[in-house]
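*Asks:* Chain U is fixed; fit chain Y onto it per the hints.
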Amino acid sequence: MAEESKPPEPGSQPNTSSEQREQDQARAANPSSLSADAEKDAQVEAAKARVAAAKDQAQKAAAPAPGAPKAPVKKKEEGPKPTDASGHPLVRRLRDKVDGAVIEATEFLGQLSIRIERLHIVKVCDALKRDEDIPFNYLSDLTCVHYPDHREAPFEIVYNLYSIPKNERVRLKVDVNGEGVDSVTSVWPAADWLEREVYDLFGVVFRNHPDLRRILLPPDWEGHPLRKDYPLEFVENRWTEAHLPEFTDVQKEQLEQRRAYGLEILSVPQEREVRELFKGGKEVMPKDK
Amino acid sequence: MSPKEIAAHYEAKVFDSPEAATTAGFALTETHTPRNVWNKASAAQSLLLKLRDKKEKGEAKEIGLVIEPWSVTGCYVPNEVATNS
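From first to last, the protein sequence lines are chains U and Y. Quick note on this note's numbering: the first sequence kicks off at 1 and runs consecutively. Quick note on this note's numbering: the second sequence kicks off at 1001 and runs consecutively.
In isolation and in its complexed conformation, chain U is listed as follows (with noise of 0.2 Å):
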């Protein structure tokens, strides 16, 4: 900073200024040097052209022709796909204990899935958890999925088993149809509840379940709540009928503010009716007449 500060000694001259004055008497001693600069500034405004000129033909060929059909929206790049594993060991160990009961295996990211004929699916459960080499010990868990497309058989029953001593898992698969499927509590008791909350939710019968009744629904409840035909919503049915309290005046004004406010969830004018709640000769209370 000290040293912009100070004034130029009197007689020294910038560098810079002397630098130009030698360039420009060169260039008055030469000429063609004159020229050089002038063939630069052309090449440079030359090129500055054809850059334009590139973008323009780019803009033109980006935008679509009017009326022309757009182009066809990328596909993002397929993932993984299940692989035959008819020659895994364990599916080839099942085949030979086993006549005809698998009908095909794959594997998914290292998960082993095998389908199983229904009327075997209680001698491949036996044989799988009494294996030598990987013992399936543990029933994980046993669901359900319904396609209702698939008319012969719109029910996927699945077992997910463990092998606790060897860390191993295999998904076992069964089409089932409106006859059901034996059970598996003879091979796994703990298959008892899983069983029954398949009743109850999808309606497949477990043939030689020791106790086949409902587990989450009451009872006298109508229709299985997980099939693809049975509405998510609220719907009146004879159980709720029958059994779920009625409505005061004041809990109808009381509902409708909620509904205002976006606060009720439950109840929407077509799906409840609005009923006497004391039936029993007991009255609203005086300040809520």
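In short, the hints are calculated from the structure, not lab data. Hints may contain errors.
As the list claims (entries may be wrong) - In silico DSSO-like pairs for lysine-lysine, Cα to Cα no more than 27 Å straight-line: (1) Y:Lys-1057 x U:Lys-228; (2) Y:Lys-1061 x U:Lys-228; (3) U:Lys-74 x Y:Lys-1004; (4) U:Lys-228 x U:Lys-173; (5) U:Lys-70 x Y:Lys-1004; (6) U:Lys-173 x U:Lys-81.
*Replies:* Structure of chain Y alone, referenced to chain U:
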């Protein structure tokens, strides 16, 4: 899937009001008033599965769905041959 996609899957016609369906010759069935989009799709599928069964039994010639902002209604064209017999 959205109610429209479900209707397309079951080859059902889509209407935006019950009047449009009735003027097109469709008879209305039950109405569901779901409170969110998932329940709306579920209601649409439930209605269409019932209508599909009706069509397979020969009671309906054509099936449809009335999709309104806060409700879904099933509709179908009765099969005159089945109803007359």
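*Asks:* It remains to establish, for every hint, whether it holds in the given structure.
*Replies:* Each hint tested on the structure:
no., hint, in the structure
1, Y:Lys-1057 x U:Lys-228, "20 Å, holds"
2, Y:Lys-1061 x U:Lys-228, "23 Å, holds"
3, U:Lys-74 x Y:Lys-1004, "24 Å, holds"
4, U:Lys-228 x U:Lys-173, "19 Å, holds"
5, U:Lys-70 x Y:Lys-1004, "23 Å, holds"
6, U:Lys-173 x U:Lys-81, "18 Å, holds"
Violated hints for the displayed structure: none, as all numbered hints are satisfied.
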